[in-house]
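Each protein sequence line maps, in turn, to chains G and E. Mapping of the first sequence onto this note's numbering: residues 1 to 152, in sequence order. Mapping of the second sequence onto this note's numbering: residues 153 to 220, in sequence order.
Source of the hints: derived by calculation from the structure; they are not laboratory data. It cannot be assumed that every hint is accurate.
Chain E is faced by these chain G residues, among others (derived, beta-carbon under 10 Å) [unchecked claim]:
#1 77
#2 79
#3 82
#4 86
#5 89
#6 92
#7 95
#8 97
#9 133
#10 142
Cβ coordinates follow ideal geometry from the N, Cα and C atoms, glycine included.
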Amino acid sequence: MTERSIDELGPVDYLIVEFPAGHQNFTGEGAAELVRLHDAGIIRLMDILILQKGEDGTVMAQELGDLAELGELARIETELVQTLAAEDVEHLAAAMDPGSVAGVLVYENLWAAPFGSAMRRAGGQLIANGRIPIQAIIAAVEADAALEAEGI
Amino acid sequence: MPLGPGRAGVGVIGAPVAKAAVVGAAISPGPSPIAKAAVVGAAVGPGPSPVAKAAVVTAAVTPGRRRF
């Protein structure tokens with residue numbers, strides 16, 4: 001990767017995708033989409049961990065390289081910078097239910113870097129950000145419609 | 153399984169992570185947060201995605217709609 005200044009770096013996000021016990025249907029589709037986003041330069045994958053939480057609450061963490069079948073992720077594995085430390089595992093697993101498996105992703109939002117740089121050059125500073133699940137927006141629209149139907 | 157030596161050092165997460173449904177309920181917008189919290193919590197909970205009516209999805213993606 002070419003050298004980049006801190007002003008050229010995009011914001012870094014993490015997400016945890018939990019697969020509850022009995023709802024695990026791994027086909028490789030998700031991995032392929034992840035590689036596509038990385039290859040398209042939309043994100044830069046920085047770290048991936050697989051967590052398993054036992055029924056007794058114990059947590060097992062695996063690197064991509066620990067998996068038997070990596071598929072398209074094999075190429076990405078060598079590019080990961082391993083952002084997460086071992087002490088992050090318990091913090092991340094706190095959100096998981098016993099018996100579940102989760103994929104943890106850390107990624108740089110390459111798409112946002114030029115815009116962020118432009119905002120800083122204009123004197124702006126990020127004071128808050130967040131994510132609204134589309135399900136939450138739909139639920140809010142539905143709730144509004146229900147209130148309207150009740151004449152509230 | 154212990155992670156390798158590359159995982160030593162200071163973590164970046166900082167605190168135990170809360171499940172997204174809890175966060176979603178806490179930031180639920182609108183005049184009736186208690187009622188909506190249950191709706192939003194159900195919507196972002198595990199399991200099959202709730203099937204939204206087409207009109208609702210349209211409302212969620214249509215430009216020019218301000219909710220206040």
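Against the structure, the hints come out as follows:
Annotation: residue 77 of chain G was flagged as interfacial toward chain E, and the flag is violated, the nearest CB pair being 12 Å apart, outside 10 Å. Using the Cβ-Cβ criterion of 10 Å, the hint placing residue 79 of chain G at the interface with chain E is not satisfied: the shortest such distance is roughly 14 Å. Proximity of residue 82 of chain G to chain E holds as hinted, the smallest CB-CB distance being about 5 Å (cut-off 10 Å). Hint on residue 86 of chain G holds. Least Cβ distance to chain E is approximately 4 Å, under the 10 Å limit.
A distance limit of 10 Å between C-beta atoms decides the matter here; for residue 89 of chain G the minimum to chain E is near 7 Å, and the interface restraint holds. Hint status for residue 92 of chain G: holds, given a least beta-carbon distance of 6 Å to chain E, under 10 Å. Taking 10 Å as the C-beta contact cut-off toward chain E, the hint placing residue 95 of chain G at the interface holds, the least distance being around 4 Å. Hint status for residue 97 of chain G: holds, given a least beta-carbon distance of 8 Å to chain E, under 10 Å.
Hint status for residue 133 of chain G relative to chain E: holds, with the closest Cβ pair at about 5 Å, below 10 Å. About 5 Å separates the beta-carbon of residue 142 of chain G from the nearest beta-carbon of chain E, less than 10 Å, and the hint is met.
Hints 1 and 2 from the list above are not met by this structure, while the remaining hints are.
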